[in-house]
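Protein sequences appear in the order of chains A and B.
The first sequence lines up with residues 1 to 361 when you count with the working numbering.
The second sequence lines up with residues 1 to 361 when you count with the working numbering.
Do not take every clue at face value.
The calculated lysine to aspartate or glutamate pairs, modelled on DMTMM-like cross-linking and capped at a C-alpha distance of 25 Å, are [unchecked claim]:
#1 A:Lys231 with B:Glu182
#2 A:Lys231 with B:Asp138
#3 A:Lys231 with B:Glu235
#4 A:Lys213 with B:Asp313
#5 A:Lys186 with B:Asp95
#6 A:Lys267 with B:Glu79
#7 A:Lys184 with B:Glu134
#8 B:Lys159 with B:Asp313
#9 A:Lys99 with B:Glu235
#10 B:Lys267 with A:Glu322
#11 B:Lys267 with A:Asp313
Label-pair ranges, simulated between beta-carbon atoms [claimed, not checked]:
#12 B:Thr120 with A:Gln194: 58 to 66 Å
#13 A:Glu210 with B:Lys211: 55 to 63 Å
#14 B:Lys186 with A:Lys12: 30 to 38 Å
#15 A:Gly74 with B:Lys267: 49 to 57 Å
#16 B:Lys267 with A:Asn201: 34 to 42 Å
#17 B:Phe143 with A:Gln137: 45 to 53 Å
#18 A:Lys197 with B:Lys267: 36 to 44 Å
#19 A:Thr188 with B:Glu243: 38 to 46 Å
#20 A:Lys139 with B:Gly205: 49 to 57 Å
Derived from the structure by calculation, the hints contain no laboratory data.
Don't be surprised by glycine CBs; every beta carbon is placed ideally from N, CA and C.
2 protein chains.
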Amino acid sequence: MDYEDRKENSKKVKLGITIGDYNGVGPEIILKVFSDKRMMDLFIPIIYGSGRVLSWYKKHLNIDVFSHHQYHEGSYVNEKKVNVISCWKDPQQVDPGKKTTEAGKCAIQALEKAKEDLKTGFIDGIVTCPISKETVQDKNFTFPGHTEFFQDAFSKEKKALMLMVSEQMRVGVLSGHIPLEEVKSKITRDSLIQSLKILTNSIKGDFRVEKPKIAVLGLNPHAGDNGLLGKEENEIIKPTIAELYKKGNLVFGPYSADGFFGAGLWKKFDAVLAMYHDQGIIPFKTICFNSGVNYTAGLSIVRTSPDHGTAFDIAGKNIADETSLREAIYLALDVIKARKGAPENKMRVVKEDPRLLEKLP
Amino acid sequence: MDYEDRKENSKKVKLGITIGDYNGVGPEIILKVFSDKRMMDLFIPIIYGSGRVLSWYKKHLNIDVFSHHQYHEGSYVNEKKVNVISCWKDPQQVDPGKKTTEAGKCAIQALEKAKEDLKTGFIDGIVTCPISKETVQDKNFTFPGHTEFFQDAFSKEKKALMLMVSEQMRVGVLSGHIPLEEVKSKITRDSLIQSLKILTNSIKGDFRVEKPKIAVLGLNPHAGDNGLLGKEENEIIKPTIAELYKKGNLVFGPYSADGFFGAGLWKKFDAVLAMYHDQGIIPFKTICFNSGVNYTAGLSIVRTSPDHGTAFDIAGKNIADETSLREAIYLALDVIKARKGAPENKMRVVKEDPRLLEKLP
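Just chain A, same shape as in the assembly (with noise of 0.2 Å):
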């Protein structure tokens, strides 16, 4: 979608921002996007945070924006301006790049004021603003980042899949944050077809591709050279592709995933499933550097955010980039309306190389 339909499509949806870690780069990049007045065309923006923070970045960055508009429960949204709600009451100190259990605590309280907000039905979506894993551990918050949070909140299974998105490819992770040893003890029939089903689901109606073809990627090195390099791929992955492909679902794989994305094949699939973070994320980030967004498939409301974290070494410097935050909000305006039935949004075109077009199954 082009900025023109997209504000056609997109008028009167109200969408959340929660401002993240306020001494991480979230509250700079908020005032990045909307320096941009074309985005108030877009969408109604409600940010969950404080006025106070945004507008100690507005002064410490010389950024000129926004006036915003203070929104308290009951008052009116302006469908003009950015509203801002104020999370939490006491002024706290700002201090760009420091980790502190305040702001951690201040992150949390903007969630739970968005999760609210969402299932009232107030917000159409919400992206959220990095927060930092550090900071917001505590006993009022036992999530490892937000993906699990909403999961909690918004998947009646709770489970929801991790997938980047960008115009070029859409990767989902089958296991998430979680490390490398404990991979192995997710890759089960069941969690296989409970992850290809929501990536399936998710590029059916939130994407609107009729018939998505979707690509698995094998466990170990090269797939597991047919049982040399280990059993998953014999055992466990390539049955359960095989029966889900009997019952009329374009899934296909193992794929081997080192020549996966370097001969080029993930141009021919509308999405990947990885198993496990890195797999997927290190070609999505080499290949969609600074585009990509990260969309929680499988809830019941829409939330997206930009693919990068906190970035306290840059924080307050007036170095952060604000383009994924745009792209995270576009795509959750997208996302909002492919709910409601609007058309294909479709990848970008990728030239193709003519060689790959006879490798295809």
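Go by the hints and put chain B onto chain A.
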């Protein structure tokens, strides 16, 4: 090095090339490489395989190429022709694309003969065309692949390092062709020190970089996120890097693998050490597709190979691409000369992203 330098530098070098599995693409890519007659000016090729097999493919593929010189023990080496040593006696039935134990046995016989000739110094180095891990498994050959075969013969400590090399990038993998679940057990202080020693010495001696800058990747997602996603970084990798750095080695990390490749940080280093196969080979192939060479670092002799397999699915169809074999030959020649004291074999200068400059260690 360009063609002219290589020609000047490589005079009289005798380079062996094993034919690999003759039902794979090995014979075809050899014929295609030498259909460019200028290759003969660079070195004296000694093919380990079978004159009959090469002749069969010449006819079958109708490639207009060299007439080879059949070399026998005690006969002369023809410096102006492709010399072929027939390594098995019985004529074999060539059957492109078919996995046979006969082809596996012949591939081993060629390797054994080449090993012998490397030991006597008859050849200066070896380039190996792909074998099939499935067809070479018998009681006389218990190695998972070429790397382990040569490691056993030409490394005192029985330890070599798989190093992927292109003009942009060099990536070593600490643990090679093993199931993913076994990776964790390979990450120890000793294995890290040994791998980094082999890597550093190879970049110094084989690529003539005086003070190589080496990046080490973490094992877990986000390099363990300070212990939240795995402990190996804090307990093993970080202290080992610190220990080596203190001793004057320019070793940095551990880096989060997705961000490292996504943000182009790899451009800042002379080599990268990945913890396991897919972590290193996925981004290597994604970035360097078709120009990559598999180099075995840490051997007393020089061994390279193209970075693809037997490709049974396209064997005999005249569509195999010989680029990687040609690059493997070039790299072998460059390393042979480097070990004799030739100047630095520089990586291609990569246009650098100015945003990265300040991020570096």
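Outcome of the hint check:
1. Restraint check for Lys231 (chain A) and Glu182 (chain B): satisfied, since their Cα atoms lie roughly 12 Å apart, inside the 25 Å limit.
2. For the proposed pair Lys231 (chain A) and Asp138 (chain B), the alpha carbon gap of about 20 Å is at most 25 Å, so the pair holds.
3. The suggested pairing of Lys231 (chain A) with Glu235 (chain B) is violated, with an alpha-carbon distance near 30 Å, which exceeds 25 Å.
4. Annotation: proposed proximity of Lys213 (chain A) to Asp313 (chain B) holds, straight-line Cα distance about 22 Å (limit 25 Å).
5. For the proposed pair Lys186 (chain A) and Asp95 (chain B), the alpha carbon gap of about 41 Å is over 25 Å, so the pair is violated.
6. Restraint check for Lys267 (chain A) and Glu79 (chain B): the C-alpha separation of about 46 Å exceeds 25 Å, so the hint is violated.
7. The straight-line distance between the Cα atoms of Lys184 (chain A) and Glu134 (chain B) is roughly 24 Å, inside the 25 Å bound, and the hint therefore holds.
8. In summary, the hint linking Lys159 (chain B) to Asp313 (chain B) is not supported, as the alpha carbons are separated by about 33 Å, beyond the 25 Å threshold.
9. Restraint check for Lys99 (chain A) and Glu235 (chain B): the C-alpha separation of about 22 Å stays at or below 25 Å, so the hint holds.
10. Proposed proximity of Lys267 (chain B) and Glu322 (chain A) is supported: the alpha carbons are some 24 Å apart, at most 25 Å.
11. Proposed proximity of Lys267 (chain B) and Asp313 (chain A) is supported: the alpha carbons are some 20 Å apart, at most 25 Å.
12. Between Thr120 (chain B) and Gln194 (chain A) the beta carbon distance is about 59 Å. The supplied range of 58 to 66 Å therefore holds.
13. Take Glu210 (chain A) and Lys211 (chain B): their Cβ atoms lie about 57 Å apart, and the range 55 to 63 Å holds.
14. Checking the proposed 30 to 38 Å range against Lys186 (chain B) and Lys12 (chain A) shows it is violated: the Cβ atoms sit about 56 Å from each other.
15. Between Gly74 (chain A) and Lys267 (chain B) the beta carbons are some 54 Å apart, a value that agrees with the proposed interval 49 to 57 Å.
16. Taking 34 to 42 Å as the suggested C-beta distance range, the pair Lys267 (chain B) and Asn201 (chain A) conforms, at roughly 39 Å.
17. Here the CB-CB span from Phe143 (chain B) to Gln137 (chain A) is close to 46 Å, well matched to the stated 45 to 53 Å.
18. Distance hint check for Lys197 (chain A) and Lys267 (chain B): the Cβ-Cβ separation is about 40 Å, which falls inside the suggested range of 36 to 44 Å.
19. A beta carbon spacing of about 40 Å between Thr188 (chain A) and Glu243 (chain B) agrees with the range 38 to 46 Å that was offered as a hint.
20. A hinted range of 49 to 57 Å holds for the C-beta pair Lys139 (chain A) and Gly205 (chain B), which are about 55 Å apart.
When each numbered hint is compared with the structure, violations occur for hints 3, 5, 6, 8, 14.
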